[in-house]
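Protein chains: 2
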Amino acid sequence: MSVSVAKAPAASVPIKKSRFLIVGGASLVGSASAERFLHDGAAEVVVFDNLSQGSLTALQHLRSNPRLKIVAGDVMRLPQLLAATRDIDGVLHLAALMSLSMDRDPWTGLDVNIRGTQNVIEACCLAGVKKLVMASSSAAYGYGPGIVGKLSESTPFYSAGAPPGAILYGASKIIGEQLCRDAYRKRQLNYLVVRYATVYGERQHYRAANALYIIETHDRVRRGQRPRVLGDGSEVKHFVHVSDVARANAAAFAAEATDVAVNISGPRTTTTLEIVRLVTELAGKDLEPEHVEPDPAMVRLTSGGAWSLEHGLAEHLIGWRPEIDMREGIGRLIAWREQNDGANGA
Amino acid sequence: MSVSVAKAPAASVPIKKSRFLIVGGASLVGSASAERFLHDGAAEVVVFDNLSQGSLTALQHLRSNPRLKIVAGDVMRLPQLLAATRDIDGVLHLAALMSLSMDRDPWTGLDVNIRGTQNVIEACCLAGVKKLVMASSSAAYGYGPGIVGKLSESTPFYSAGAPPGAILYGASKIIGEQLCRDAYRKRQLNYLVVRYATVYGERQHYRAANALYIIETHDRVRRGQRPRVLGDGSEVKHFVHVSDVARANAAAFAAEATDVAVNISGPRTTTTLEIVRLVTELAGKDLEPEHVEPDPAMVRLTSGGAWSLEHGLAEHLIGWRPEIDMREGIGRLIAWREQNDGANGA
Chain P
1 MSVSVAKAPA ASVPIKKSRF LIVGGASLVG SASAERFLHD GAAEVVVFDN LSQGSLTALQ
61 HLRSNPRLKI VAGDVMRLPQ LLAATRDIDG VLHLAALMSL SMDRDPWTGL DVNIRGTQNV
121 IEACCLAGVK KLVMASSSAA YGYGPGIVGK LSESTPFYSA GAPPGAILYG ASKIIGEQLC
181 RDAYRKRQLN YLVVRYATVY GERQHYRAAN ALYIIETHDR VRRGQRPRVL GDGSEVKHFV
241 HVSDVARANA AAFAAEATDV AVNISGPRTT TTLEIVRLVT ELAGKDLEPE HVEPDPAMVR
301 LTSGGAWSLE HGLAEHLIGW RPEIDMREGI GRLIAWREQN DGANGA
Chain C
1 MSVSVAKAPA ASVPIKKSRF LIVGGASLVG SASAERFLHD GAAEVVVFDN LSQGSLTALQ
61 HLRSNPRLKI VAGDVMRLPQ LLAATRDIDG VLHLAALMSL SMDRDPWTGL DVNIRGTQNV
121 IEACCLAGVK KLVMASSSAA YGYGPGIVGK LSESTPFYSA GAPPGAILYG ASKIIGEQLC
181 RDAYRKRQLN YLVVRYATVY GERQHYRAAN ALYIIETHDR VRRGQRPRVL GDGSEVKHFV
241 HVSDVARANA AAFAAEATDV AVNISGPRTT TTLEIVRLVT ELAGKDLEPE HVEPDPAMVR
301 LTSGGAWSLE HGLAEHLIGW RPEIDMREGI GRLIAWREQN DGANGA
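Residue numbers (this note's numbering), protein chains in the order written: chain P, 1 to 346; chain C, 1 to 346.
Worth flagging that the hints you see were computed from the coordinates, not collected in a lab.
Heads up, the beta-carbon is just placed ideally off N, CA and C, and yes, glycines get one too.
Fair warning: there could be bad hints in the mix.
Partial chain P-side listing against chain C, Cβ under 7 Å, derived [unchecked claim]:
#1 Phe157
#2 Ile174
#3 Trp307
Derived, one-sided and incomplete: chain C residues facing chain P with beta-carbon distance under 8 Å [unchecked claim]:
#4 Gly142
#5 Ser154
#6 Ser159
#7 Ile167
#8 Ala171
#9 Ile174
#10 Ile175
#11 Arg181
#12 Arg185
#13 Tyr206
#14 Leu230
#15 Gly233
#16 Ser243
#17 Trp336
Produce the complete structure using the sequences and hints provided.
Next up, the structure:
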């Protein structure tokens, strides 16, 4: 077998004056990215979403911007993507089901995450899109006892002891990344994969297992209930604030780098106990956490001890580093929730 | 979220007097397994295949057996699987595209390996099949520099530096395995995953990248051409003879073990140079190998040095160990090829 490998065209898509499509954009990351791209002078930002998990409320604060366009569409419908990618310079692909949804419905999850990505790639190639930025996840390194130490981009995928839904999610992201590599090799599609740590921030939803440590704690303490900590609370987590993720997405388009995956994570790791204490403090409550045993049927994303998602390669290749620490980020999330009481995040 | 976990029914399906469906059975592993099950007294063996890659010639030697039934069917067609699983005790799921085919056509490969497995599982659950034995692969541990040492069933998936087609194949197997775990948890489907080393033997086809070291060498030396060795020939490979695989499949059904994956590999590892020398010698030729550099566009499955696929867990859980060493196995393959000149394996 032989494959012709031609040189791909220039991979930099500056935000200013360019046109972007955000697939799965009526979401936490999508809305912050749209805001960022509009702020940085994008000629147009088209949000494409089927609203099955996302919500237009996530875009409410941007609706008055004439450069924002919202298109109802589904990643499973290639013709809709073909129509939406016309005249687009850069596509940000966010549409995916995460571990909790994957556990509930693996058929839909694998369809959206794999066939959906195939459709996005196909549309990018046919429309001559200059660069695809694809959202992947630290889930591409898996879960369980193997997750320990500094995770670089060449860390393997650990699955022993992890729940099926989480493994299916991580493996679907590995497949999506490889479909991008395949398209770069065979069809010269420039792409950059961004592997996010757990994203949190304003317009937070309830679909990410690890982000629940923040918002479920906030839900409890503002009702005056003691926050709950699973086990001893020493489980290490790595978060990244959504505004840092939005900047990373913009940097991924602007960079010359192509055909590569980079980690996107916050300044430092934390533990579930630290999160619970910080949320409680920033919510202005004086409540001692109670330690509870996890429900065995719950999808838990555990690690092997001290670990971190290293973002040095992103700094090197796309000139990005995180700016928001957990105290500032959780403060912003709580302030947003207090102002938007009752509004579900997307 | 909560999931009810009921105890699954007894997981042993003795071969004698039981009825089996072999999905993707017109193949190297399928034909040897059908032969084994018929020899061990199965009441019926139904081979289900769409013949897109397999061939009925692989089953020619069994066609006179009245307990063998051949059904034209496609894993992508759930109704065909539902019809074929009626009154079946055990399903052996072999239908898959491997790395080379995955590289050529990832859409079809992911469809067959993932949606195909979903369909097989669905049919097993609806028909009340007592046990599913699913073929996985050492590809579930990946390729490249990380593949070194003794690979046990908890080894992670290495992908850094591996070609997209090989990673897509390995990840699709990981997903198939997890879909089985998910079905065991939610629907009490007993299953056993068998992760094969590179399978070789009588009725060998040209679709497995590593098995090409054997049959391409044989093709050359019997034309009087010097055999070719890639690089210095020190690349370590682990094979398993198809008759050992057929016995492993039978043992997987008969065992009480369920909800687990086991490695199935030959007595010891080898190198590409050893393979080439052994094939040349057993073909009765006196030809020195020539060392060539690999074509960069070729899909190569490399490792990090000395490694082996450990089969101790299979011995412990299903009472199986390999019997055929490479000298005997390659001798049998060459004898079969000499007798069946021109017949393509399936």
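So, going through the hints one by one against the coordinates:
{"no.": "1", "hint": "Phe157", "verdict": "holds, 4 Å"}
{"no.": "2", "hint": "Ile174", "verdict": "holds, 5 Å"}
{"no.": "3", "hint": "Trp307", "verdict": "violated, 14 Å"}
{"no.": "4", "hint": "Gly142", "verdict": "holds, 7 Å"}
{"no.": "5", "hint": "Ser154", "verdict": "holds, 4 Å"}
{"no.": "6", "hint": "Ser159", "verdict": "holds, 7 Å"}
{"no.": "7", "hint": "Ile167", "verdict": "holds, 5 Å"}
{"no.": "8", "hint": "Ala171", "verdict": "holds, 5 Å"}
{"no.": "9", "hint": "Ile174", "verdict": "holds, 5 Å"}
{"no.": "10", "hint": "Ile175", "verdict": "holds, 5 Å"}
{"no.": "11", "hint": "Arg181", "verdict": "holds, 5 Å"}
{"no.": "12", "hint": "Arg185", "verdict": "holds, 7 Å"}
{"no.": "13", "hint": "Tyr206", "verdict": "violated, 11 Å"}
{"no.": "14", "hint": "Leu230", "verdict": "violated, 15 Å"}
{"no.": "15", "hint": "Gly233", "verdict": "violated, 21 Å"}
{"no.": "16", "hint": "Ser243", "verdict": "violated, 30 Å"}
{"no.": "17", "hint": "Trp336", "verdict": "violated, 26 Å"}
In this structure, the hints that do not hold are numbers 3, 13, 14, 15, 16, 17, in rising order.
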